[in-house]
Structure formats: C-alpha cells, structure tokens
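With the hints as your guide, set chain B onto chain A.
In order, the protein sequences belong to chains A and B.
Residue numbering for the first sequence follows the numbering used here, starting at 1 and increasing by one per position.
Residue numbering for the second sequence follows the numbering used here, starting at 1 and increasing by one per position.
Bear in mind the hints are in silico, worked out from the structure with no lab data behind them.
Bear in mind the structure is a predicted one, so any value in this text is a computation, not a measurement.
Zero decoy hints are in this set.
What follows is a set of in silico ranges between Cβ atoms, one per label pair, in the way DEER data are often shown: (1) F55/A / P61/B: 46 to 52 angstroms; (2) L118/A / N60/B: 24 to 30 angstroms; (3) R124/A / V75/B: 57 to 63 angstroms; (4) G51/A / S119/B: 54 to 60 angstroms; (5) D45/A / S141/B: 21 to 27 angstroms; (6) Y108/A / P61/B: 46 to 52 angstroms; (7) P41/A / P122/B: 32 to 38 angstroms; (8) N113/B / S98/A: 32 to 38 angstroms; (9) S74/B / G67/A: 48 to 54 angstroms; (10) G126/B / Q122/A: 41 to 47 angstroms; (11) T78/B / G67/A: 46 to 52 angstroms; (12) N109/A / G58/B: 48 to 54 angstroms; (13) G99/A / N60/B: 21 to 27 angstroms.
Sample of chain B residues at the chain A side, in silico, Cβ under 8 angstroms: (14) A51; (15) F52; (16) G53; (17) G58; (18) G73; (19) F138; (20) T152; (21) T154; (22) S160.
All C-beta atoms in this analysis are idealised placements derived from N, C-alpha and C, irrespective of residue type, glycine included.
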Amino acid sequence: MRKESLILFALPLIALMLFAGIAYSESSSAQVTATVRVLSPYPHDTQLTIGNSAFIFYGSLKDKESGQDLGFKYVRLTLQYPQGGITKKVVLYTRTYSGGSWFIVAPYNWKTAKIEFLGDSQYRPSSATLKR
Amino acid sequence: MKKAIGASVAVMALALFAAGVFAITETISATAETTIEETCGLSITAGNPIAFGQLIAGGNPSLAQPVSVKNTGSVSTTGFTVYGDGWQTNPVTVPMDVSRTSVSDDNELSWTNLALSSSPVPIFDGIVLNGETKIPEFRLSIPAGQAAGTYTQTITFTASC
Numbered sequence: 001m002r003k004e005s006l007i008l009f010a011l012p013l014i015a016l017m018l019f020a021g022i023a024y025s026e027s028s029s030a031q032v033t034a035t036v037r038v039l040s041p042y043p044h045d046t047q048l049t050i051g052n053s054a055f056i057f058y059g060s061l062k063d064k065e066s067g068q069d070l071g072f073k074y075v076r077l078t079l080q081y082p083q084g085g086i087t088k089k090v091v092l093y094t095r096t097y098s099g100g101s102w103f104i105v106a107p108y109n110w111k112t113a114k115i116e117f118l119g120d121s122q123y124r125p126s127s128a129t130l131k132r
Numbered sequence: 001m002k003k004a005i006g007a008s009v010a011v012m013a014l015a016l017f018a019a020g021v022f023a024i025t026e027t028i029s030a031t032a033e034t035t036i037e038e039t040c041g042l043s044i045t046a047g048n049p050i051a052f053g054q055l056i057a058g059g060n061p062s063l064a065q066p067v068s069v070k071n072t073g074s075v076s077t078t079g080f081t082v083y084g085d086g087w088q089t090n091p092v093t094v095p096m097d098v099s100r101t102s103v104s105d106d107n108e109l110s111w112t113n114l115a116l117s118s119s120p121v122p123i124f125d126g127i128v129l130n131g132e133t134k135i136p137e138f139r140l141s142i143p144a145g146q147a148a149g150t151y152t153q154t155i156t157f158t159a160s161c
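For reference, chain A alone in the conformation it holds in the complex (with noise of 0.2 angstroms):
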C-alpha cells in the first residue's frame, strides 16, 4: 500500500520533468537588430553657412542630406564694399579644414559678403550671404 502510494505520487512528478526538459530542448533563438542610413545618389544637396566677427570671417560645409562634414572642398568669399563713391568687389579663395570649416581674414569695410560652393561630382552647389 505504501509503495503504491509512492509510485502514485513520483509518476507524476516524473512525467512533468520529463516534459519539462523535452519542450526545452526542441529549440531556441537569439536575435540581433541591424540598422542602415540609406542615401539617395550623388550628387547630393550641401549646406553652406556664414558668420562674420571682425575681419573675419567663418562658416562650415555639410552635406545637407546626412549632415557630414564635407573637408577640402573649395570655397569663394565675394566681398562687396564702397569706396571713391563706388561699389568694389574682391574675391578670396579657401580650402574647408577636414571638419568642414572654413574661416577668411578680410579686412575692407564690407557691405555684402557671399560664400560660394561650386560643387562637384558629389555634391551640389550652394551659397549664403551676410549683409550690413
């Protein structure tokens, strides 16, 4: 009777471990996430900006689409100021550094101050200007 018993209750004890480690052992999965910037085709847009303090002038070059710092790339500074009653015109070239930055030491008293990028096989033209 008391052996009926125990087998009455390690029967079914038995049965759920059983099945316990079988439905662990059918399978398992692990997952990663994978993540992609899709860019549309060159040449893509730029974005130039302009800022004056001084003599100086300064501004950066990025790609206006992922925003990336686009370095030596050549840029055109076109001051505009008066002089003898007359609107002169000086043009300077620089290269941005490789953080897309650029800065010019201009001095003339100027009135209107434009920035050019003129583009590439990559990129596409862009300006801005300052006036006072």
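Positioned in the frame of chain A, the structure of chain B alone reads:
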C-alpha cells in the same frame, strides 16, 4: 546472574536500536529516477546590433558585418537557421526587400552568399557543436531608387536539437 541479565538487556537494546534505524530507513527510502534532458540554447556574444552605416542607393555594398552566435546548450544542434523580418522605416516610405541582405557561412575568402529571407535559411549545414561559436557575416546592398531614410530589421537565429 545479574551480569547475564545486564548483557541480555544490552543486546536486546542494541537489536531494538538497529531495528529502529532500519525501520526509519525503510520508511523514508524511495527510488526516483530523474532523466537530465539535452538542452538547446543560443546566445549572441558579439556583433549586436549590426550597424551597416550609411550606404548610397545603387552604390557599393556594405562591408561584411560579423555576428558571433554561441550554442549554450548541452548538445550539438541538428538545425541552425537565420531569417529576417524585413527592412522597416518609420515613417514607412518604400519598403526594402529583405533579400538585399546576404549572409555568408563559410568564413573563407570566397563568399558563399545566401540571400536572407523571411523564411528560415539553413546555415553552417545546421550544425553548431555545444559550446561552439559560429560567426556568420552579413552584407547589404541598396538598390538604386531606394528612398533615403533609416531602415531597421530584426534578424533571428534559431537552433533545434
């Protein structure tokens, strides 16, 4: 006489004690057999998330991105697969085909690219030994005309044992 009685009592006491111990043992003893089943487990140990970076639509494919997948179970797998749930954008623009993602399972110089699918694709012949780490590599190419944006996808590895 007294000595004989004393010895007799002592022997009887010893016998009773032994019987008691035996009785207790008999009461609590039971045989239970437990079978330790073979377990199956997977773990990503490196390469999560997969960052393909910025890719130009219609441009060159991405660099290979390895993912380390370890069999943490107690036995070898009898099946090892991978599938993707598709590239998603938010907001949804133009969906990108999941098969643009390829997976390599040969880890050799020449790639054997398998197109990722929304259905499980067997890799490494389905076998990963217990404790072993496999390193499948993923590459992605963006079709020309694909809308710009940030795309994400969940890639799932499955193991059966």
